[in-house]
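Chemist: Sequence:
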Amino acid sequence: LTVGVEKDTLTREIEGKHTARLTVRLSPDAATAENEDRIITVVRDMISQHPAVRSVDITRPTPFALDAPVQVEILGYDLEKLSSTAAEVATRLSRVPGLTDLQTTVRPGHPEARITFDRDKTLEYGLDLEAASRLVRDQVLGNVGTRFSEGDDRIDVRVLGDEVVLGSLDRVLDVVVNPASPTPVPLSAVANVEIVQGPAEIRRIGNTRAVLVTASTSGLDLGGSARAIEAQLADLVPPDDVIVQLGGQKREMDEAQKSMQFALLLALFLVYAVMASQFESWLQPLIILVTVPLAMVGVVFTLDWLEIPLSVVVFIGMILLAGIVVANAIVLLDRVNQTRAQGVGVYDALMEAGSTRLRPIYMTANTTVIGLLPMTGWLAPIPWIGPMCAGAGLELRAPMAISVMAGLTCSTVLTLVVIPAVYYLVYRHQDARAAAPLTANAAIPEPA
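Numbering (the working numbering), first residue to last: 2 to 449.
Treat the hints with care, as some may be off.
Derived lysine to aspartate or glutamate pairs resembling EDC-like cross-links, with alpha carbons at most 20 Å apart [to be verified]:
hint, residue 1, residue 2
1, Lys122, Glu195
2, Lys82, Asp241
3, Lys82, Asp236
4, Lys82, Glu202
5, Lys122, Asp175
6, Lys82, Asp305
In short, the hints are calculated from the structure, not lab data.
Bear in mind that the values here come from a model prediction, so they are computed numbers and not experimental data.
Let the hints inform the model, and build the full structure from the sequences given.
Modeler: Dropping the structure here:
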């Protein structure tokens, strides 16, 4: 338990003497998702019932994520419009089931005096608006006249105004804004003063003022919560100069998916380029690449059956499959090409290649699948091998292993059926062209 925050600690929120941080660490034996959810629920209910607690923010370490699970960004310039829009967004998000720890970055600030110069009066007195405002700023905040060097440190030497002048707001309004002029003009004669409550902080996203509405999810995946939030905000009409957009881990997920999709397409292109140079054909590599969607069929059904969400590690497994599953089709078609080079027909060459390459294909696929079994954690119950298969990071590497295993198994089974069928449909006309001249020559009688 940490009460307050140290001055040299970097934090994302406004923290101080009024905040506290409670860290809960689970033992390795009890570090399960069910126990985490149960402890979070107990801690949230216990803390929320305390009358002195205004807001609760519960987070857990999440791989490949830096922002909050749910984060709605309200962009604009007028702070009052941003605050009212954030309150409306928070009200709508409170209706979404499964969202917890809902809060905004709008915090009550401190009273401040807002001085606004009257341009007509400054022109009437012949004052320079920039010079007058700079003089008031230097009187109140001071001015860094020079810097004192001590070793590698540079210490600012700030010149402040008279403490007597800064003792009250009325004395500040009596500050003369034209000290060099024979007729002194006080600040109160050319400026209007308004006591307002200033913001506790002004956040910026892309050099634009912003207010964040954050929340955590309970019982919802990231995609489902994003769709529910978009449905709630669909009929929201913000002010003209205010933009409401969904950020947080949803944006990180979209950016990661775009990067993974590009990497997958690049992997397919490189695999095709290598096979085209080896086979010296542009058509046969396309037939071999049919194994990739066959593998994705197995990945989709397995992820849905085991209720594993689509993530970055699953995409990495798909990229691995793009280079692994083509090996079975390469072994098969290479044997077909060798047999056809001996004058065998397409159908007979496919039958012969299927029978002779069946064992090598299954052996390589089974070796890969068995080698990935320890990464899934399914062998953890076995006493003599379980401790080596479990441990920290299992939830991170298991989806990738399961994706590769499912895709490779499905592709291996379907490759022996689909690839020969596609090859036969593409190349069967060559046997017909090869047999046509022989039939024509047989019909021509020999000369006497």
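Chemist: For every hint, state whether the structure bears it out.
Modeler: Here is how each hint holds up against the structure:
1. The hinted pair formed by Lys122 and Glu195 meets the criterion: a straight-line CA distance of about 17 Å does not exceed 20 Å.
2. Pair hint Lys82 plus Asp241 holds up; C-alpha atoms about 10 Å apart against a cutoff of 20 Å.
3. For a cut-off of 20 Å, the pair hint linking Lys82 to Asp236 stands: about 18 Å separates their Cα positions.
4. For a cut-off of 20 Å, the pair hint linking Lys82 to Glu202 stands: about 15 Å separates their Cα positions.
5. Our distance criterion of 20 Å between C-alpha atoms is met by Lys122 and Asp175, whose separation comes to about 16 Å.
6. Using a Cα cut-off of 20 Å, the hinted pair Lys82 and Asp305 is violated, with the two alpha carbons roughly 44 Å apart.
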